[in-house]
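Engineer: Residue numbers (the working numbering), protein chains in the order written: chain A, 2 to 166; chain B, 262 to 375.
Calculated from the structure, these hints are not laboratory results. As the structure is a prediction and not an experimental result, all values here were calculated from the model. Among the hints, a few may not be true.
Using C-beta positions, here's what the derived DEER-type ranges look like [unchecked claim]: (1) A:L44 <-> B:P289: 41 to 47 Å; (2) B:V339 <-> A:R78: 19 to 25 Å; (3) A:P22 <-> B:G352: 47 to 53 Å; (4) B:V339 <-> A:V77: 18 to 24 Å; (5) B:F350 <-> A:R159: 30 to 36 Å; (6) B:E367 <-> A:D145: 42 to 48 Å.
Output of the computed footprint for chain A on chain B, the stretches with three or more beta carbons under 8 Å from beta carbons of chain A [as the list claims (entries may be wrong)]: (7) 285-294; (8) 333-345.
Glycine residues also receive a C-beta, built at the ideal position from the N, C-alpha and C atoms.
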Amino acid sequence: MKKRLPAFVITFIIWLLLTWPGKEDWQEQVFAGLICSAIVAALLGHIYPQRAEKLLQPKRYLWALVYIPYFIYWCVRANLDVAYRVLHPEMPIRPGIVRVTTNLQTDMAKTFLANSITLTPGTLTVDIIGQDFFVHWIYIPTEDVEEHTRLIVGRFERMLKEIFE
Amino acid sequence: MSDLVATVIIFIGLLFDLFGCIGLVRLPDIYNRVQASTKCVTLGTCMILIGVLIHAGIGALGIKALVCAVFILFTSPVAAHAVARGAHFFGVRLWEGSVMDKFLEERESQKKDK
Chain A
2 MKKRLPAFVI TFIIWLLLTW PGKEDWQEQV FAGLICSAIV AALLGHIYPQ RAEKLLQPKR
62 YLWALVYIPY FIYWCVRANL DVAYRVLHPE MPIRPGIVRV TTNLQTDMAK TFLANSITLT
122 PGTLTVDIIG QDFFVHWIYI PTEDVEEHTR LIVGRFERML KEIFE
Chain B
262 MSDLVATVII FIGLLFDLFG CIGLVRLPDI YNRVQASTKC VTLGTCMILI GVLIHAGIGA
322 LGIKALVCAV FILFTSPVAA HAVARGAHFF GVRLWEGSVM DKFLEERESQ KKDK
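All chains, please: the whole structure from these sequences, using the hints.
Structural biologist: In structure tokens:
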């Protein structure tokens, strides 16, 4: 029961945002939302984060607030990078798949790291095996393996550690 | 004023979507194409939805656009990963100008161990 409570609360908040109850019929909307959230929490609550007390630590939210603008900055740079490569007449690409390693342990943190890598300049996560990420890189600047990890993972790892671990 | 800002943001979003489509046509292999289309289409579509939010204001329509933008931000990298991984397992090789393929080496060394 304790595990399913965060699932219920998150689902209910998303329901309220999506339906945005109006002035006349808000009781019905909220009541339907409570029922639907309860069903979702009962069926799928076990796949939500196992350690729910993490959701109540304010320090994690502060780090998330730092992370979001930082992420948006890299996301915009990624787009300008793609635009440059695509519009350049000679297409300056030097692609390949490299292996990088991470210190992050939890699945949640690894998922967010993989998604962040995909949306930042020139990189795309192809697969994760244990601690190894296989990343397709559109322009590999160097053959040095250590340097790959520093360039791709180093940008986000520390912040994600503070947020999710 | 907010209409002007919304129009400008939607226009920039469309421009990024266009770059993504050009990349889809011009780049040589599936992995590079997935890269171009994922990045540009994610940010482009999110910007269109944020333009809708600014145009409509905080309300039923605007908040729906914002929630959709967040969903796209979470799901589109996962979809790109699934496409690239599926292609690699299916046997699609990298473009001949590629420098290295560590994932193929890893998979072949795992096969030998078995």
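Engineer: Confirm or reject each hint.
Structural biologist: Each hint tested on the structure:
no., hint, in the structure
1, A:L44 <-> B:P289: 41 to 47 Å, "holds (45 Å)"
2, B:V339 <-> A:R78: 19 to 25 Å, "holds (21 Å)"
3, A:P22 <-> B:G352: 47 to 53 Å, "holds (51 Å)"
4, B:V339 <-> A:V77: 18 to 24 Å, "holds (21 Å)"
5, B:F350 <-> A:R159: 30 to 36 Å, "holds (32 Å)"
6, B:E367 <-> A:D145: 42 to 48 Å, "violated (18 Å)"
7, 285-294, "holds (count 6)"
8, 333-345, "holds (count 7)"
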